[in-house]
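A.B. asks: For the protein sequence lines, the chains are A and B, in the order given. Just so you know, the first sequence maps onto residues 1 to 319 in this note's numbering. Just so you know, the second sequence maps onto residues 320 to 536 in this note's numbering.
Everything labelled a hint here was simulated from the structure, so no lab data went into it. There's no promise every hint is true.
As the list claims (entries may be wrong) - Derived Cβ-Cβ restraints for the label pairs, each shown as a range:
id	chain 1	residue 1	chain 2	residue 2	range
1	B	516	A	112	38 to 48 Å
2	A	153	B	454	28 to 38 Å
3	B	438	A	153	40 to 50 Å
4	A	108	B	491	54 to 64 Å
5	B	526	A	247	52 to 62 Å
Computed from a predicted structure; not experimentally measured. Quick reminder that beta carbons are idealized off the backbone N, C-alpha and C, glycines included.
One-letter residues, chain by chain:
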Amino acid sequence: MLIGKQSDIRPAEITPESVYRQRRRFLQQAGFATGGLLLASGCTADEDELELRRLAVSRGSPFSTDEEPNAFEDIISYNNFYEFGLGKRDPARLSGKFHPRPWTVTVDGEAERTGTFDLDDFIRGQPIEERVYRLRCVEAWSMVVPWNGIPLAALLKPFKPTSRAKYVAFETVMRPEEMPGQRRGLLDFPYVEGLTIAEAMHPLTILALGIYGVELPNQNGAPLRLVVPWKYGFKSIKSIVRISFTEQQPPTTWSLAAPREYGFYANVNPEVDHPRWSQARERRIGGGLFNEKIPTRMFNGYAEQVASLYAGMDLRKNF
Amino acid sequence: MPAWTCARISRRPVTVPAVRRLQLIGKPLLFVAATAPLAWLAWRTAGHAGGLGANPVETLQDELGTWALRLLLATLAITPLRRLLGWNRLAQFRRMLGLFAFGYAALHFLNYLWLDQFFDLAAIVEDITERPFITVGFAALLSMLPLALTSTNGWRRRLGRRWQQLHRLVYPVAILACWHFWWQVKKDVTEPLVYAAILALLLGARLWRRPAARATS
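Let the hints inform the model, and build the full structure from the sequences given.
C.D. replies: As structure tokens, then:
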């Protein structure tokens with residue numbers, strides 16, 4: 001159970017209750033709801049209802065921001081997930097046929113132990129933490145998301161990467177029959193991403209399984225996605241099926257699609273503009289019509305933790 | 320190309336009641352139809368019908384811009400349609416459509432100035448001078464301004480032949496508007512491509528008709 005003693009409940013701990021209310025309202029608006037089903041048991045009853053299982057989550061990570069998290073409804077209705085479509089609402093609208101379970105993750109490449117694992121085995125024994133992170137999209141909007149996940153380092157270390165493992169490559173599932181954006185070929189799928197081994201092992205980097213104490217909805221990258229909070233959102237690859245340790249820098253989908261606009265590192269940087277728009281400020285989602293943009297921070301406000309990873313690097317060149 | 324004033328149309332062998340009926344019903348109908356997208360946006364802004372979503376400023380920006388482009392193309396469709404159908408009375412709707420296109424474009428720009436940039440002059444100047452897709456969109460809007468201002472009968476009389484020449488600006492405006500949309504999208508250009516194809520068709524129809532028009536005049 002998630003909620004602790006009545007006396008010391010933080011706002012983020014109360015939220016899972018309201019998540020269900022918001023979700024029900026969201027579904028009613030979208031015209032799906034059939035009644036009080038969503039308040040029923042907390043276990044998956046009907047996939048079409050998008051009911052989400054609760055996760056056992058430990059809170060209070062020192063890496064969490066105390067900024068107010070975005071509403072669950074905003075987080076699940078405003079997504080970039082081109083596997084389902086280009087529009088921000090497409091992933092919520094068009095991901096109903098996607099089946100995040102059963103799920104396997106393949107680990108291969110430069111490691112002593114490799115193989116294909118059922119997701120439950122892959123994460124077994126690892127406590128799921130709440131990490132309230134800022135998320136900065138390359139499109140100059142941002143959110144604050146209470147992720148539930150596991151530090152990537154904790155999941156990768158048991159595979160004993162060799163000294164030749166300089167990078168970690170990630171791959172999204174390829175299921176055109178369930179993902180209309182893949183059928184339309186909106187990008188060169190499967191989506192691939194990568195990190196340096198130091199970035200992958202950094203304690204801020206997590207693999208998320210949930211938000212707000214419930215498992216990830218399909219549109220947010222179910223059942224397993226990367227979260228790298230100091231990088232633009234597109235680095236945080238969704239619905240991961242393969243993790244590979246590599247010696248060479250792996251290809252990444254957006255840098256292949258538009259090499260002038262998107263680089264391998266994609267660190268949030270207010271001083272390096274996108275060729276077509278400024279990155280100096282961002283719109284924080286959830287403020288309604290009259291919220292002014294806020295200044296974007298170096299490394300999305302995580303400079304203290306990650307700047308040393310890039311010491312001596314020309315961030316204008318390595319954007 | 321002659322100016323299709325009502326006076327000219329009424330000299331044609333068309334029954335007067337039909338023309339009157341069209342004027343009495345057609346223009347108000349068009350006015351309501353062209354106002355409807357704005358009313359729908361206002362309704363959603365007030366929180367109805369699912370609202371404007373998680374990023375309302377972006378929704379307004381996209382919707383207002385798209386409707387400006389649609390109405391601009393509708394304005395440009397009048398002449399080819401009129402020729403194709405031989406339905407000259409369509410010409411009387413062109414000015415209203417053009418003014419609505421300008422109106423939506425102006426609101427699109429106002430939304431950018433106000434809700435997107437909060438009148439941050441430095442940021443706006445930087446955008447217009449350094450971001451090509453914004454430069455192009457701004458040029459399109461600026462070029463529409465003299466067309467909107469000289470759209471009255473009075474200005475049309477005063478400018479005479481030059482009115483016609485001035486209003487040919489609508490062609491580069493439409494090209495700039497499509498270009499603005501094209502450069503704005505992140506990856507998939509299907510939607511801008513559809514608008515550009517329609518524009519190409521509408522401009523092509525004019526080129527294609529020109530020799531024939533000359534032959535008959």
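A.B. asks: Given a hint of 52 to 62 Å, does the C-beta separation of residue 526(B) and residue 247(A) actually sit inside it?
C.D. replies: holds (58 Å)
A.B. asks: Could you check the hint for me, namely that residue 108(A) and residue 491(B) are 54 to 64 Å apart, CB to CB?
C.D. replies: holds (55 Å)
A.B. asks: Holds or violated: the 38 to 48 Å window for the beta-carbon distance between residue 516(B) and residue 112(A)?
C.D. replies: Between residue 516(B) and residue 112(A), where Cβ atoms are some 56 Å apart, the hint is violated.
A.B. asks: Check the following: the C-beta atoms of residue 438(B) and residue 153(A) are separated by a distance inside 40 to 50 Å.
C.D. replies: holds (46 Å)
A.B. asks: Please test the hint of 28 to 38 Å on the beta carbon pair from residue 153(A) and residue 454(B).
C.D. replies: violated (46 Å)
Consistency note: the structure conflicts with the earlier hints numbered 1, 2.
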